[in-house]
Structure formats: structure tokens, C-alpha cells
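6 protein chains.
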Amino acid sequence: MTRPVTLFTGQWADLPVADLAATCAGWGFDGLELACWGDHFEVDRALADDAYCRERRQLLERHGLGCWALGAHLVGQAVCDRIDARHQSILPPEVWGDGEPDGVRRRAAERMKDTARAAARFGVTQVNGFTGSPIWHLLYSFPPNDFAELERGYEAFAEAWSPILDVFDAEGVRFGLEVHPTEIAYDFVTTEKTLAAVERRPAFGINLDPSHFAHQQLDTAEFALQFADRIYHVHVKDSKKRLDGRRSILGSHLNFGEEARGWDFVSPGHGDVDFEALFRALNRIGYDGPLSIEWEDSGMDREYGAQDALAFVRRTDFPASNVAFDAAMQRDVAENAD
Amino acid sequence: MTRPVTLFTGQWADLPVADLAATCAGWGFDGLELACWGDHFEVDRALADDAYCRERRQLLERHGLGCWALGAHLVGQAVCDRIDARHQSILPPEVWGDGEPDGVRRRAAERMKDTARAAARFGVTQVNGFTGSPIWHLLYSFPPNDFAELERGYEAFAEAWSPILDVFDAEGVRFGLEVHPTEIAYDFVTTEKTLAAVERRPAFGINLDPSHFAHQQLDTAEFALQFADRIYHVHVKDSKKRLDGRRSILGSHLNFGEEARGWDFVSPGHGDVDFEALFRALNRIGYDGPLSIEWEDSGMDREYGAQDALAFVRRTDFPASNVAFDAAMQRDVAENAD
Amino acid sequence: MTRPVTLFTGQWADLPVADLAATCAGWGFDGLELACWGDHFEVDRALADDAYCRERRQLLERHGLGCWALGAHLVGQAVCDRIDARHQSILPPEVWGDGEPDGVRRRAAERMKDTARAAARFGVTQVNGFTGSPIWHLLYSFPPNDFAELERGYEAFAEAWSPILDVFDAEGVRFGLEVHPTEIAYDFVTTEKTLAAVERRPAFGINLDPSHFAHQQLDTAEFALQFADRIYHVHVKDSKKRLDGRRSILGSHLNFGEEARGWDFVSPGHGDVDFEALFRALNRIGYDGPLSIEWEDSGMDREYGAQDALAFVRRTDFPASNVAFDAAMQRDVAENAD
Amino acid sequence: MTRPVTLFTGQWADLPVADLAATCAGWGFDGLELACWGDHFEVDRALADDAYCRERRQLLERHGLGCWALGAHLVGQAVCDRIDARHQSILPPEVWGDGEPDGVRRRAAERMKDTARAAARFGVTQVNGFTGSPIWHLLYSFPPNDFAELERGYEAFAEAWSPILDVFDAEGVRFGLEVHPTEIAYDFVTTEKTLAAVERRPAFGINLDPSHFAHQQLDTAEFALQFADRIYHVHVKDSKKRLDGRRSILGSHLNFGEEARGWDFVSPGHGDVDFEALFRALNRIGYDGPLSIEWEDSGMDREYGAQDALAFVRRTDFPASNVAFDAAMQRDVAENAD
Amino acid sequence: MTRPVTLFTGQWADLPVADLAATCAGWGFDGLELACWGDHFEVDRALADDAYCRERRQLLERHGLGCWALGAHLVGQAVCDRIDARHQSILPPEVWGDGEPDGVRRRAAERMKDTARAAARFGVTQVNGFTGSPIWHLLYSFPPNDFAELERGYEAFAEAWSPILDVFDAEGVRFGLEVHPTEIAYDFVTTEKTLAAVERRPAFGINLDPSHFAHQQLDTAEFALQFADRIYHVHVKDSKKRLDGRRSILGSHLNFGEEARGWDFVSPGHGDVDFEALFRALNRIGYDGPLSIEWEDSGMDREYGAQDALAFVRRTDFPASNVAFDAAMQRDVAENAD
Amino acid sequence: MTRPVTLFTGQWADLPVADLAATCAGWGFDGLELACWGDHFEVDRALADDAYCRERRQLLERHGLGCWALGAHLVGQAVCDRIDARHQSILPPEVWGDGEPDGVRRRAAERMKDTARAAARFGVTQVNGFTGSPIWHLLYSFPPNDFAELERGYEAFAEAWSPILDVFDAEGVRFGLEVHPTEIAYDFVTTEKTLAAVERRPAFGINLDPSHFAHQQLDTAEFALQFADRIYHVHVKDSKKRLDGRRSILGSHLNFGEEARGWDFVSPGHGDVDFEALFRALNRIGYDGPLSIEWEDSGMDREYGAQDALAFVRRTDFPASNVAFDAAMQRDVAENAD
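Chains as they are written, first to last, in this note's numbering: chain A, 1 to 338; chain B, 1 to 338; chain C, 1 to 338; chain D, 1 to 338; chain E, 1 to 338; chain F, 1 to 338.
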């Protein structure tokens, strides 16, 4: 048996979860990774209403769907980020409040603790999300960075997240950072530093999404092997470079979907990610959790694409082998010696 | 005759300009692009002291050196940037003042006007520099950008710089933005938008530095052709990608010179820039200004490198042709008709 | 809904159209692009016989097939070409006549006018075809070209075709030149010059066939974007380079299908054309006309290939999206302000 | 009709042939290439027991399976190899005997003659296998080879195999060497020398397996064209390079399946072999024998893989064409002349 | 000693040969390949005036220059070409005459015979040049070629040139076709056919110019090896592809030197030709004739370029070795046995 | 100051060292890495004759040459190799003796101990060489390797070499294995295992020669970084792949210098090795020992080549930098605070 294939519901939050569940079941998905926005998985209701988690679970079971993880990207982003107007559009009003940065970060941290509690109540041990970053804006060192400030950034991240991770530990839930530009970790080097900053505590791992690696020209399969013990969850998302000497790999401050960008997200299997290499690496490290399709492609119909992506994963994620080869060619010498 | 080769003195500001001039002359440079920091070209003294410009010019002439441009990158950066602690280290104390952002930007703008005035007094019609950017931190659109804010960023840039450019016009001096990450323009798309924001007024052009294009995988020669009428000055600087699937093109928040970076600056001719293609493009567009070596390579001795770079430019920047080929093979039909 | 997929019948003219229509319908094509040779679409009969067009249309409808375009390549080729013996084999006897070049060209032009008239009668507004070229033989400039002669070539093309296009305009039909070596336009530069020669009149556009671009190492998707308003029809045909240092990209004067050629036509999806990029570009420019498979592969069974090509297009030409991404992640700020 | 697709049973010798036949028939294979080990095809029993061949054939026919070739790789390896302990594990006890090298080689040669006899009795005219090599250990010339010794190696091979080939001729059976590292021939050059050593006698040809060419960076399609008259049988097997500057193409003395190797075998279609080019080449040379899947992939489930490979071949090995193109566009000049 | 380096004077025919000889000697050339146009080498005067050849030779000797070959490209072109107006501009008036094609070809053939005679008189045994081609215009087979016509083209070439080659044989001079688009041979395939057409008679060989191979993506070193016995002379000329998806490899009917072309000629060492590989191949085949620089680069000053090219050849054409390696490491076994 | 450049004399043993020293000094070398064969450095005489070492040293000093290392490749090869006839040609007669393998290996080991003693006496602390390998012949695992045998091979190597290394330790000399096919270590993986087998004792390090890495497609610069503390000496030697689909990377059992090989040794700077990357890596790890040119190129004159290689190293091995960049742009904040 291969890994279950789920749909991450974050890009479908305009649809009620009841409709989406029916649709995805019809398409053949094994489950959903519920986003903690829209009405998909409401953390406050899950804690306030004893029946909420049970009903959500029953809804999924009615359609034969499992759920192995929650997606709490948006609130997580605010925990140690430099807060600005853009955060208002991704946060619940009660977390945004008056928008004063310290308060926003504090309330976001509390909501993340609640998310761990709600996940445990819902019977899910994995919460994926973003962390934000106090140092992302220092990406290109001009004016020249004071690199001690960067070290302090990793410490600030750890200070903000450690109390949250304590709650995760207490609830028996793990957090998976989606390694991603704008987050505290977005590549090999920064992931090493981030894991070190929280002393590689088991509560903190990775939601591996290869679409954020391809345009950086990083090898996702190598990443999976190098951080094998921290690969807690996997997104199936793709991106494609379109470099012709005129389009910048940095994106030109253009929105996704603009023709003149140097890269963009595309439906899985339509881009630069070598998924077979990634899946083989996941086999090597023994990852048996979900492959969760996060679907985003500005040039493809969404409903067509979700089904296309599911079919792609089904045909690409073949079962691993335990057999040593040439064994069938070799007689046992001892036996022959009889 | 080929173009003059100058050294941009910005990375040599630890040396007194008198010493540097002697050294560069000895190495065979044709001139210097004086940086407006260290004691190389002091804008305040140039305006306050009637003799200053004359003495600077005499110093250069004594060594047989010309000067066709000033480099005012550091103060320019503060004109429309988001000011933070890092700016203190690159600004003169009187421009930094108390560090209050609006004041810093206002004083930086005044200093840039003075720079145009000082350049005119010194007899130079080209000032190169940075502009800063109010929107650089929005490079990666997450939390999702409000793209109207980006448009406002280009407008804010234009508002901040237009009064400065008025002084440039009055003084008969032109400004050359070094298109560069962290600036308002860093690639084809953003340069188009930036030029449009100032309505392509002639006072505002480009100091073309290919080292900032190569890691973005942009074609500098094409850039020169596309923005031919705005190529006011050219830097000779190089950079090299070292992508192996583990190093990110984004730089990993590491300082230049760190082994694990995905790219770094290197001495001209040691990197990815196709200088011959660039110089041929400069021939096509009729650029006859300086080729100004901005030398930076964390793995090479600086003095060795400056001479190596000069030799590289001398052997690579060959003279252009005006001859149409095969002409020597063709008789004039009319003549034959005699 | 995606674009209709048709078969261009030019390479199947050995089969009666009645048989071919039945076969293609059985394979699942949406329609046919009828060639104006064989018995597929006979221009003279269409004009002479009131019932002809109706019967052709009924034949197609009986099989559930549409027809959105005619293919008039062979006669079109003779309109402004340098006529030689090879034209006799591709022209109807009455157009070839005695083979005297001026007469051939004149009769070909008249037949093209008739084709427009017949198309209108048949209820089709698109005629695809070749133009021929008075200057193709000057491809490589040795003996050195008199480049004024090339300019005259574009003018001669325009003179020959303008009266034809007048009839197209009168009939409400448009002509689509298949940009192709041996024609007046075969790449970006020559297409620009060709369109300029007819003053970009709307009657004259492009039948875009990527197989003629790949071996020239041209980017068909970029071509579609650049000439967006003139992409009137699209052929789906593929070609493949086989360069090993011994095979020339120029073709070695060998026939298609010869082993030693540097490139050859192959069934769609088996070659160098990036059809996904092309179809995404067609989505961007809003092209909703047919994708017409022109099938040619000297190494594949024709019947197998036509079905293989149809399946390829069906799985590659996915529906476009109108959704802006990340929208589902963003709350309305106004709403939050409640 | 395309070529029959068989499974080479060598890697499945742990399964009784009766079970394997049933399974393969169910998967849709056209036949089996029976290995001469396990109980798949027992040469000694075939010669000793009059019923054996008939029963094997009936077993296959019961499942609708054909058999066009036997695989005698293991015993063949010992015929002219430098014998060491490893051979004991691949040889039947009666061939290995006391392991004294000359005796092992002599008994292996006799068994190969018997294999030809048994094949003839079974009704198969093709036996594939290895030859061994007296000079493989001299692959890298240090200490510097005496190249005369290499010439003697080819002669020794010919001396060892000629008597065997005499029996093949007598039985009307042909031998197909699987060109492969560790054999007397493993690339273009050594195949030329090997064929010359046996004076290109028809009894000795090639079992072409592209998986042994890809990591050597050889072009299998070119090989098929160059040795067209000696391509007697074809294996469908794939391999993939994973070179990142740290993994050696030489394999690092690691076992197949180890992560750190520079290349490895993978299921057909998952690797570097260009099967479409190979199959087109086979079309050109008129090869109409089996495509025999030799399945080996340490990262994929064997049963999944065999079916995946079969589906891959079915969709990739399309039927060839006999049609000359553009013919439908050309009228017969003579006819026109009527 | 390495090969002599000469300058082909064809592109310098606007200069009197006396001036050019002095200049080239000053630059350090070993000799000149004199063009048979301008006043460089005048065939008619050489035959008419007993002193002419002696004086030309003395001129060269005065400057220490050798001459190993004449260049008779322009008249050669007319021998079997389709004559049009362009030929008038490259032919002497007396060869062009009234421009009637048969007459032009006939007079060109006579002039080529005279060229052989003049070469012999001058003491040179090699004449390089073009042949023209009756079939070049059939390069792209549309309208579909009658391939029998192509075969007749090779025959027509042989008929036109055989009487000329008879004179070459009689004079002890050899002809070297510069394999080149627009000529009867321009790649591997057509060179094979061309040599076969003249039955590989020794009078007809090749002037190998790699600049005509690079844009066809042909490997010049392989060409030298394959046609080793017909490499009579070598030109050093370079070309460079500039393919970006918008520029066609076919040249867009643009003149050399136009920005939008997909390739162009450049000064040796500035383009795509792998000269080291070529020179190593020339070493292998024992070519010890001149390396004759044919200089053409529309973007470089001609005088600068000729010197740059000479320096390039001097540092790239290193002397070959006769030593077998590792020999110094090996003791003689016999000696040891003492 | 950059690193000294020496010539490894192994390929020049046909010349008396006195002549070679004079020649190399004239070419500008800084020193010689003396081979322990020919008359270059005779271990037995060095131990037997008190004056020998002094005289050798004086000879070098007379020419201004240093010596930092000895090359003892040939005898080292025999220490743990499978001995065959080829070893006779590379060993001194007294080491070869009767050729009985155990005796040869034992005598070779004793000679290596003596080499350490002689080196100490000569005043050199570095001996480079080969180790041989008991398992090289198992490179390709067919017949399938018993991988326990490979482990035993590493152990056998350690057993053979440990007593030798004890003498090296006692003499204060270090051994540098030239990582190389046919040796116990030839890539990253086998070097790790080899170093582990001798418990990373400091007496055993690496003579890094990039020419053995390039054809394996290994990154030498990465190797230098990974094994930084064991890079004891560096050879400058180059190799070049010539892969065209017909030439095997395995070498086809052809001698070096044969045209049909897939790769070959070439003079430094003429091949695939990225020496600048290597030298930058050596700068990073602080290697300040010799760059020793081991010259081998079957297509280049040896004397020309040695000088060409020396010039190549001189211009490529630039001095490193200790400067942090942008430092000159930053004022000290504290200072500004005054």
C-alpha cells in the first residue's frame, strides 16, 4: 500500500467544507488536510463546542475521508513576523485586534497553542504551518547586515515558539514548519539553524513542500534525506522556472500568475520538481504519512487541476521494494556445498 | 580607441585617495570613479571649500588620471528606503542625525542635491548611486501583497527623487541608478516601471552593473540593448553561481564570502557574466563612457585582483568595427557596367 | 470547456473524405480542417454546384464533426513563388496550365480568391495556407545579397496577395499563413516584416504551427504572445532534432524520414515542441479556435499516430483558470473592520 | 502489429515457473524469456527427459504465452572468466565442481553446448547470455597494461567460444551476448573487436540491453543501427545516473541499491534510456523479435514494477510506418499530363 | 615546429597587396593565402606577364612571408551555380560578360583552369575555392523535391568540374572546396556525396573552415578525422550562435552583422568553434599545412582583430607529441630479467 | 605569496635528474617532486650512502629549486595489490624478485618503510604514492560480490599499511595516497572508508589529483573541503571527457591516447577540471603546500606542455584575501556616536 493522498483545503476556503468533502471524495482523495480558516476547521469552535470535533470527523467519515493533519499557516505566520497591514487580511479579527504588533504576535501565539489543543481533541497529531520570521527583510545584505542581528533573529524565533511547542508536547501533537521563503527557514542552511535554535526538539519538524525549493534550485530529495528525522508531513506542489534572460528568478515584485515572472506555481507534475526522486527519497527514509496536494496554478482550472494532480500522484508514488536484487541469481554457497 | 577603464573607489575607502590614485596610476588605470565617502570625494567640503575640487582634480591629473563619475551609493540608499539601524553604518553622522526615519530621508535627499552641485563644480556630469526602495521588503508576496501598495511604492520613489533630479537638471548632471536588489529597480520589469515613474526624464538613467543580473539569470547584453538610451555608466563587476542542489540562489541569509551561499561576487572574468556579449552590446548602442571596475571578491587578494581585472578588461573590450563585410568581395555593379 | 480538436486532412488526401470522416469521428475528433485537394474540399465544385457545400456539411454533421477552417496550402504556395517543376506536382492541372510562371501565379491567385468565396459559401471564416516567397532562395547571403532585393520581395508578396485579401475581406473570411520555411514568413523577424508589408490588415493572420519553429530553435509560446492578435488558427505538429555533431540542422538535402537528417517531423508529443507552454500561451491570449492536428511522422503508423496525437492533445490542453490565487487565504479587510 | 513483450525470468527464479507463468499471463505479457536457473528451464532435465520440453511448452501455452529465447547468463559467464569464489554462487554445483578454474570453465562450456541442444529441442532458436572475460580486470590501465595481453584476451575468448558456437550452428540456434560490463564486450569498441574475434560468424550476435549503455553515456539507438545485423534479441531495462559531484559514475564499490552510488538500475521508463529512440532504431533495422523486460529496481515493488514496465512498453513501442510523406500532397506529374 | 599561420586576403582586397604584405609581416604572420581578386593575385596577368609571378613572390619574400595557397572562391562559385544578378558583383567583368548563365558558367570554368595554371607558375600547389551548386535552392523540400533531381545535381557538379580538375592534375595542383552553405557540399552527408561524385579523385579535396560547421551544430574535429585524406587546407574562422527563442538559426534573411540574426561570424576564439579539438584532430591526421585566418567579425575592428586572431592561433595550436605515456614509469621486463 | 609550483618528475624518469633540474629551473619552476625511480631519488642509495641526500639537495639548490615531497607511487602500488605480470614492469628488480605475490608485497612494504626513512634523511616530510588495492577487480558487482569480502579488503589494506605508517610516524613523515582508480580509495565513498580503516591516523592523508575525479564526474573542490584535514599534497593534472554516445566513459580497454576513448589526460587547463574552484577551496582550507604539476597529454609536446602548465598555474592560482567586504563602506557606529 502506498501513502494516502489528501487535499490541503487552504486554497478552497471559499467553499464550505461539507461541499468540498463530498467533491474530494468523489474525485478519489483519501482524506483532507483541513485548513484552520474558512469553515474548514475552526479552532475556537473546536475548543468551545464539545460536539464540533466529533461532527467534523463524522462529516469526513461519511465520505470515507481521513484527516491526518491541520494547516495553521496563516496564524502561525504572525507569531514572530514583522507585523504590517498585510497580516490583517490573513488573520481572524480577534487575533488581529487593533493591529499593534506585539499584541498581534501574542494573540497569534495563544491561538497556535489552542490549535494544538484542538488538534488533539480532533484526534490529529500533526499541525502544519508557518512561523513568520523577524529577519526575512534582511534577505539581501544591503545596507550591510549586522550578522549578529540575524543570530538574534533565530533566538527570537525560538523564544516565541518554545512556549507554543511546550503545549504541543503536552498535547502529543507535532508542528511541521512549511519551509518557505518569508519563514524563519526556507532552505538547507536556514533549516539547520532553525532546528538548532529549538535544540532539535521533536515537537518541531518540517512540512516538506518541494515547490518552494525548485525555484531556489534546491534538490528536494536531498533535503528529505538530510532532514529525514524531521520530515513530519509532505505537500505535493510544483513550480516552474521560465528563465529567458529577461525574467528574474526574484519575481520582479509581480503577483503570481503574471506573465513576466521568472517562476510560478503550477499543478503537480507540470513543473520543475522531480517528484519521482522525492518519493524515492521518502521511501528511503520510511515516510509513510500523507502526500497532501496543495493545489495552485494560475493557468489551470482548479477543479480539473485537483483531479489531474491526484491522478499524477497515484501514478508516480509507486510502492517501495524490500527485495535485494540479484538474490534470485545466487545460490547459497553453503547449500551448494552439501 | 576603446573606452577608458576606471576603478570605482568605494571598496577602497580605507585608503587615502592620494595613495590610491598613485597606486591605480601605477597599475595603468585611466581614471577613478570617486566614491563620496572616506576622503575620496567629500561633498560638504567640495561645496564649502573653493579649492577642494581643484585640488582633487590636480591630484588626479598629477597621476594622469581622469574622473568621469562620482559614486554616491550610500547616501542615495537612504532617500526612499525604510530606515533601520543598518543605515547608520553607511551614512555620515550629520545625515543620520538622530536616526528618525523621515529626517534621515530628508537629509539624504538634500545631500544628494548637494552631490549634484559638487559634481558640477568638480566638472563631472555623472553621479551614480542607489535610490533605496520603499517596497523591497515586499519581494516575496507572503503575506499576500496588496499590489496597489507596490504601485504606491513607485510613486513614493518618484516623489522623493523628482526634486533631487530637478537640481541635477539645473546643474547639468545626470543620475545613474545602479540597478540592484534592494533598490527600486533591479531587473527588466522594475526598471521599466521605475523609468515610467519618473516619466523617463533624461536626468535619471542607469549605471549598469552586470554582477547584479547574473545571479538573477538575466541577460545583461539584452538589458543594455533594451534600455540603450538610459545606459549612462557601466560597472565591471562579476558574480558566480555555485548551485549544487544544496545552496540556495536566495543566499541563505549568509554574508558574502560564506562557503554555503548559492552565489557570490568574484573578480571580473572569474564569474558568470558574459562580458564580451555585454561589450558588443555597448558597441551597438554607442556607449563610449568609462568601464568602471567595482572590485569585490572575498577569495582573492584585493591588490592582485584590481590589476587582474584591469588586464581582463583591456583584453576583452576590443574596438568596434564600422566595416560592412563581404564588401571587399563585391565589385560595384555600376563600375562593372562600364 | 477546452478547444475543439480537428484533423487537418492534407496528409490523408489519398482517402475519400467520406471514409476519413467516418474514421475520424470514430476516433473521437471534434472536426476536420478540410484540405482543398483530393476530394476533401473542391473549390471549383463548391462554386459551380449549389449542393456541394451543403452536402459536405451534411456529411460532417452526420458524423458529429465540425469544420472551422479550410487548408489551401498548395495553391497558395504558387501565388508569389518562383515557379519550377516541383509546383506541377502540387497544383491542379488547370492552375498549372502550361507551367509558364506568370500564368501559374495568376491562376493560383484567382483560385485563392475562389477559395475565399467557397469558404464563405461553406460557412467557414478561416482559410489556412502558404503564400510562397519570391526571396526564399536568398536564404543564405552568398553570393552576397543585395538587401534591397529582399525588401522588394516583401513588396512583391504584398502586391500579389492584396487583391486576394480584398476578396477575403469582401467574403468575411480571414487568411492564416502557416509560418514555415519556404514561405515569405518563417520566424519572428520575417513575420514582423510580412505583417508590415500588408499593413497588418486583419484579413491576413497566422496559422501557427510549432513544428516549423522547433528546429529553428524558436520559442513558439513567445511567438503566440508576440503576435497574439494575429493567431487565427493553430496546428498541432511536432518535430525533433537529432544533433550529434554529424547531422546538420540544415537537413543535408535529404528527404524527410532519412536517418542522417538533423531533424524530422514526429507525431505530436514525441518531439521538441513544448506544447504545454504553447497551450498556456494560447490561454493567455484568449485563443479559442481549433487545435488542428497535422500528422506527419515517417517512423510511425499513420492510423496509430492520429489516435495517439488526439489522446495527447486531450490530456495536454487543460482548461484555463480565472481564479486569482491566495484569494481564499485573504479576508476582506473591510469585513474584518466590522 | 508491434513486437511481443516478454518477461525475462532471471530475477524471478525464487518463484516456481508455473506460478510465474500464471501471474505473467494475468498481467498481459505475450511470453517469457526463460532463465536457465531455478526451475524455469533446466538444461540437464531437458536433455535427459523426453517429456520435459513438451511439458514446459504446454505450461506456457496453457497461459497463452510464447517463448522466443532462453537466458543462460550465469553459466555463460564462467566460460572464459577468471574464476573466483563468486562464481560458486551463480553456478550449478555440478558445473562448479571443485572450483578449480580450468575445470569450471570446461564444464561451463559443455553446459553451454547442452543449452543449445536443449533450446533446439524446446523449439527456441535464440539463447542469450554472458561470455565472461579474461581481461575485464585490466579495465583501468594501471599498472600499465601490456596491450598485447588484451589482444590475447579477445583470442582466448574466441578459442573458448568457437567450439560452443559450432554446436549452436549445428542445432540451428544463435547466441546473443548481452553486451555488459564484466563481459568481453560492453561498448561500441569492444563489440567491434569481439565480433571480429569470431569473424562475425552468424551464430554469435547481441542481446541488446540499454541499461548497460546509459551509465557509460552511450547511445543505444546508434548502437542498434551500427550493429544492425547482429541485434538478435532486445532487453528492456533501464538505469539512472544520480551525479551530484559526490557520487562516482564508477559505483564506489557499493552494492546496487545503495544511496551513494552514482547510478543504479530502475524500472523501464524511470531512467536515462531513450526508449523511443531505441524503438525507432529497431524499426529502421527491421527487428521484429521480442522486447524482453528484465526488471530490476531496488526502490520499487517488484510486482507493481513488472506491470508498470509492461504498460510502459505497450504505450512506447508504437507500430512503424511504411508511408512516404507528402505523397498525399503530390499529384503524379504524368497523370496531370493527361 | 607548429603549422604556419597565414592570412587569407579575401576580406582585405580593398588594400593593395603590397601594403597588406608589409602590415601582415609586421604583425607576425608567416604568410598570405592570396585571394584571386583585387590586385592580390591576378590570374590573367600571371599568365600573360612572365614577370608577374616572380614579382609577387619577391614581394612576399621581401617581407619574409610564404604563400602556400590561392583563394579562388568567387569565380569558382559561378562554375555550377544558378547564375543571377548577385554573381555580377563578385565576378570580373570579362567572366560575367553579358550575364547569360551558360556563358558565365563556361567562362568561370575556363578561368578556374587558368587559376590552376597560374598557381603552378607561381609555385603553389593548392587552390581553395567554392564550387557553386545547382541544387542549393532545394535546401528545404517544399514544394516536395523530386530527389532524383538532387542526384542529377551532384552529377552536374561533377560534369562541370571534371575538366577543370583534369587541368589541376596536369599542373600538379589540388583544389580545396571550402565546405559551406550554398556550395555543393556543406556538411558530412553532402561532402560524402560530393567526393563520390568525383570518384574521390585526389585533385579534389577540402579547405576545412569550421565557421560554417558551428551554426549547423556539426563537430569540425570529427569532420577532420572522417575526411582525413581530403583535408588539404584549413581556414581559421569562427562563428557564434545567439539563440534565445526569438532568433532563428536560419538567419531570418538578415545580413551578417544584424542584431536579430541567430548566429554570426566572429573573430577566431570568440565563438562556438572548439579550435583545440580541431587542432588536436589535425595533429592526429598529420595535417602540417597552413592555418589560414579568414577574418570576419562585424563587431570588431579589423586590424585589431587580425592581430588578436594571430595571437589566438599561436597560443592554441601547440606542438603535438610523439611520446607514449607511462613509458617512463615502466622498466623493460627483459632488462629486469638480466 | 602564492603556493610553490613543482614538477612531479615521474613522467620524466627517462631524463637524468641533473638535466631535468637545470631545465625546470630555466622554465621557472619553484621545485621538484622527485620520483623514486629512474635516477631521480634512489631510496636504497639514500640509505646506503651518507652523501647521497646531501648531493641531491645541493643539486636542487644549485638551481634554486626546492623539494617538498617524494613520489613513491610504483612501489606503493605493490603493497596490497593483486600482483601480476604488469607489476614487474613498474618495480625495481630487487622488489619484484621472483614475482611470487606474497614476497613482492612484503618487499614492497619494506621498501616503503625505507622510503620514509630516506625522506627523513633528505629532509622531506611528505611521501606521495599509491597503495594498491586487494578489491579493485570487484569494481562492477558481477558475478555478484560478497560485500563482506569488500570489507575484508579495507581491513587487508589497513593491515598491510599500518606497519609502514608506524615507520612514517617514527620518522616524522606523512604519506599521501593519490586517490585514483585501481587504488583502495578513488572517490568520496572509498576515501571515507579508507581513512576509517586506518582510524584517520595523521600519518595517512591524501595527495589530491583532480584528473582522476573529473571523468568520474566528481567535484574536486568539494572533495578538498570534505577531507580538508587530510589534504597533504596536491597534483595539478587534468583530464577531458569526449562523450558523443559512441565513446564509453569506462575507456573501452584502450590505451591512453587512443582516439576512441571516452576520456583522456590532457595538459592542465585544457580539460574538465575546474582549477579555479579547486584553488579557491584550497585557500579556504588553508593549504599552503606545493601545487605539483603531473604532466601527461598524449597530444601535446612534453616540453611545450610543461611550460604551458606552469604558466597556467601561475595565472590561475591567485593569492587569497583576508579582507571582509563592504567593510570600507561601513562606518563604525560607535565612532559615529561620538
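Think of the hints as simulated: they come from the structure by calculation, not from any bench. One should not assume that every hint holds.
[Said to hold, decoys possible] Here are the in silico distance ranges between beta carbons for each label pair:
| # | chain 1 | residue 1 | chain 2 | residue 2 | range |
| --- | --- | --- | --- | --- | --- |
| 1 | D | Arg121 | E | Asn322 | 57 to 65 Å |
| 2 | A | Arg242 | D | Gln226 | 36 to 44 Å |
| 3 | F | Ala311 | B | Asp50 | 46 to 54 Å |
| 4 | D | Ile285 | C | Ala18 | 36 to 44 Å |
| 5 | E | Ala260 | A | Arg242 | 18 to 26 Å |
| 6 | B | Phe147 | C | Arg45 | 23 to 31 Å |
| 7 | D | Ile285 | E | Tyr304 | 51 to 59 Å |
| 8 | D | Glu151 | F | Ile285 | 40 to 48 Å |
| 9 | B | Phe147 | E | Tyr304 | 33 to 41 Å |
| 10 | D | Asp229 | C | Arg45 | 32 to 40 Å |
[Stated by the list, open to error] Derived, one-sided and incomplete: chain F residues facing chain B with beta-carbon distance under 8 Å:
| # | residue |
| --- | --- |
| 11 | Asp44 |
| 12 | Ala48 |
| 13 | Ala51 |
| 14 | Arg280 |
| 15 | Asn283 |
| 16 | Arg284 |
| 17 | Phe318 |
| 18 | Ser321 |
All C-beta atoms, glycine included, are put in the ideal place defined by N, C-alpha and C.
Now for the hints, and whether the structure bears them out:
1. For the pair D:Arg121 and E:Asn322, the beta carbons lie near 59 Å from each other, so the given range of 57 to 65 Å is met.
2. Restraint check, A:Arg242 to D:Gln226: a C-beta distance of roughly 39 Å satisfies the suggested window 36 to 44 Å.
3. Checked against the hint of 46 to 54 Å, the pair F:Ala311 and B:Asp50 passes, with Cβ atoms roughly 53 Å apart.
4. Taking the beta carbon of each, D:Ile285 and C:Ala18 are about 38 Å apart, inside 36 to 44 Å as hinted.
5. Judged by the Cβ atoms, the range 18 to 26 Å given for E:Ala260 and A:Arg242 holds: they are separated by roughly 22 Å.
6. In this structure the supplied range 23 to 31 Å is violated for B:Phe147 paired with C:Arg45, their Cβ-Cβ distance being about 58 Å.
7. Look at D:Ile285 against E:Tyr304: about 54 Å separates their beta carbons, and that is inside 51 to 59 Å.
8. For D:Glu151 and F:Ile285, the hinted distance range of 40 to 48 Å is satisfied, since their beta carbons lie about 46 Å from each other.
9. Checked against the hint of 33 to 41 Å, the C-beta distance between B:Phe147 and E:Tyr304 comes to roughly 50 Å, which is inconsistent with it.
10. Take D:Asp229 and C:Arg45: their Cβ atoms lie about 53 Å apart, and the range 32 to 40 Å is violated.
11. A least Cβ separation of about 45 Å between F:Asp44 and chain B goes past the 8 Å threshold, and the interface hint is therefore violated.
12. The restraint placing F:Ala48 at the interface with chain B is violated, with a minimum CB-CB distance near 47 Å, outside the 8 Å limit.
13. Given hint, F:Ala51 at the interface with chain B, is violated; its Cβ is 43 Å from that chain's nearest Cβ, farther than 8 Å.
14. About 5 Å separates the beta-carbon of F:Arg280 from the nearest beta-carbon of chain B, less than 8 Å, and the hint is met.
15. Checking F:Asn283 against chain B: minimum C-beta separation of about 6 Å stays under 8 Å; hint holds.
16. The criterion of a C-beta within 8 Å of any C-beta in chain B is met by F:Arg284, whose closest approach is roughly 6 Å, and the hint holds.
17. Hint status for F:Phe318 relative to chain B: holds, with the closest Cβ pair at about 5 Å, below 8 Å.
18. For the restraint placing F:Ser321 at the interface with chain B, the shortest Cβ-Cβ distance is roughly 5 Å, inside the 8 Å limit, so the hint holds.
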